[in-house]
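> Chain residues, written in single-letter form:
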Amino acid sequence: DAGVTQTPRHEVAEKGQTIILKCEPVSGHNDLFWYRQTKIQGLELLSYFRSKSLMEDGGAFKDRFKAEMLNSSFSTLKIQPTEPKDSAVYLCASSLTGRDTGQLYFGEGSKLTVL
Amino acid sequence: QQNVQQSPESLIVPEGARTSLNCTFSDSASQYFWWYRQHSGKAPKALMSIFSNGEKEEGRFTIHLNKASLHFSLHIRDSQPSDSALYLCAGTGGYKVVFGSGTRLLVSP
Chain A
1 DAGVTQTPRH EVAEKGQTII LKCEPVSGHN DLFWYRQTKI QGLELLSYFR
51 SKSLMEDGGA FKDRFKAEML NSSFSTLKIQ PTEPKDSAVY LCASSLTGRD
101 TGQLYFGEGS KLTVL
Chain B
1 QQNVQQSPES LIVPEGARTS LNCTFSDSAS QYFWWYRQHS GKAPKALMSI
51 FSNGEKEEGR FTIHLNKASL HFSLHIRDSQ PSDSALYLCA GTGGYKVVFG
101 SGTRLLVSP
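Each protein sequence line maps, in turn, to chains A and B. So that you can map any letter, position 30 of the first sequence is 30 in my numbering, and since no number is skipped, the others follow by simple counting. So that you can map any letter, position 1 of the second sequence is 1 in my numbering, and since no number is skipped, the others follow by simple counting.
Please note that the accuracy of each hint is not assured.
Said to hold, decoys possible - Computed list of lysine-lysine pairs in BS3-like fashion (alpha-carbon distance at most 30 Å, straight line):
#, chain 1, residue 1, chain 2, residue 2
1, A, Lys15, A, Lys85
2, B, Lys42, A, Lys15
3, B, Lys67, A, Lys78
4, A, Lys22, A, Lys62
5, A, Lys111, A, Lys78
6, A, Lys62, B, Lys96
7, A, Lys66, A, Lys22
8, A, Lys66, A, Lys111
9, A, Lys39, B, Lys96
10, B, Lys45, A, Lys66
11, B, Lys42, A, Lys62
12, A, Lys15, A, Lys78
13, B, Lys67, A, Lys111
14, A, Lys78, A, Lys62
15, B, Lys45, A, Lys39
16, A, Lys78, B, Lys96
To be verified - Here are the in silico distance ranges between beta carbons for each label pair:
#, chain 1, residue 1, chain 2, residue 2, range
17, B, Glu15, A, Arg64, 14 to 22 Å
18, A, Ser87, B, Ala68, 25 to 33 Å
19, B, Asn3, A, Ser73, 27 to 35 Å
20, A, Lys15, B, Ile50, 26 to 34 Å
21, B, Ser108, A, Glu44, 38 to 46 Å
22, A, Glu14, B, Asn53, 28 to 36 Å
23, A, Val12, B, Gly94, 34 to 42 Å
If you're looking for bench data, these hints aren't it; they were derived computationally from the structure. Bear in mind that the values here come from a model prediction, so they are computed numbers and not experimental data. Even for Gly, the Cβ is constructed at its ideal location relative to N, Cα and C.
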C-alpha cells in the first residue's frame, strides 16, 4: 500500500517567493492534515480537511498560508509570500474518517528553506 | 486549547538501559493517547496507543496512562541504537490531535 507522498522533499526559496507543496494521502483516507515542524515549536497544525471540506485553518497561519484539497487524493499548501521564518519541515498526514483514534499516517515531509 | 508537555527534551542512554519518556496533558479532553516515533529525516510513525487507564506492553515497549493525573509515559526496555529518534506523544478527542514537542532520544552503543 502506498503511504502519504509529499513533493518536493526539499525546496529553497528567496524571501517573497510563492511556493507550493503537494501531498497525496493514503488511498481511501478522508482526513488530511498539514503540519509545520520546527525544533522550537514542534508540530503546529496548519490545516485540516475532512472529506475535502476545510474544518480548521490553523488560525495564526491564515494570512500567508493556504491549503486546498482539489480532490480526495491530492492537496496543496501554498505559502505566499515566503519569509525566512517559514523555514521548517512541512508534514502532511492522513487518517481514516470515522475512526477518531488519532492514528495519523505521515509523509516524510517537505523541507523548506527561505533565504 | 489543550497543550502537552513532554519531558525530558533530550536524553542520552547507553545501549541496554531502560528509558522512560513522559507526557503531561493540560486537561482531560483527549480520549486516545499515542506515541509516535520519528527517525531523522523520516515520517513520524505511530508506535503504540492506549484508550483507558493502565498499561500496555508490546515487545520492549510499555506505555502507561493515568487519566486522573493526566500523565502518559513510554518505557523502553533494553534500549537499542535503532531506538534513537524523536518521540512524540499525542492525544486525540474527535478529530483534534494535539502533539507534544517531543523527546529526542540517543542510545549510545
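> With reference to the structure, classify each hint as holding or not holding.
Evaluated hints:
no.: 1; hint: Lys15(A) <-> Lys85(A); verdict: holds, 10 Å
no.: 2; hint: Lys42(B) <-> Lys15(A); verdict: holds, 27 Å
no.: 3; hint: Lys67(B) <-> Lys78(A); verdict: violated, 39 Å
no.: 4; hint: Lys22(A) <-> Lys62(A); verdict: holds, 18 Å
no.: 5; hint: Lys111(A) <-> Lys78(A); verdict: holds, 14 Å
no.: 6; hint: Lys62(A) <-> Lys96(B); verdict: holds, 18 Å
no.: 7; hint: Lys66(A) <-> Lys22(A); verdict: holds, 12 Å
no.: 8; hint: Lys66(A) <-> Lys111(A); verdict: holds, 17 Å
no.: 9; hint: Lys39(A) <-> Lys96(B); verdict: holds, 22 Å
no.: 10; hint: Lys45(B) <-> Lys66(A); verdict: holds, 26 Å
no.: 11; hint: Lys42(B) <-> Lys62(A); verdict: holds, 27 Å
no.: 12; hint: Lys15(A) <-> Lys78(A); verdict: holds, 14 Å
no.: 13; hint: Lys67(B) <-> Lys111(A); verdict: violated, 36 Å
no.: 14; hint: Lys78(A) <-> Lys62(A); verdict: holds, 11 Å
no.: 15; hint: Lys45(B) <-> Lys39(A); verdict: holds, 18 Å
no.: 16; hint: Lys78(A) <-> Lys96(B); verdict: holds, 23 Å
no.: 17; hint: Glu15(B) <-> Arg64(A): 14 to 22 Å; verdict: violated, 45 Å
no.: 18; hint: Ser87(A) <-> Ala68(B): 25 to 33 Å; verdict: violated, 41 Å
no.: 19; hint: Asn3(B) <-> Ser73(A): 27 to 35 Å; verdict: holds, 33 Å
no.: 20; hint: Lys15(A) <-> Ile50(B): 26 to 34 Å; verdict: violated, 44 Å
no.: 21; hint: Ser108(B) <-> Glu44(A): 38 to 46 Å; verdict: violated, 31 Å
no.: 22; hint: Glu14(A) <-> Asn53(B): 28 to 36 Å; verdict: violated, 52 Å
no.: 23; hint: Val12(A) <-> Gly94(B): 34 to 42 Å; verdict: holds, 38 Å
Of the numbered hints listed earlier, those contradicted by the structure are 3, 13, 17, 18, 20, 21, 22.
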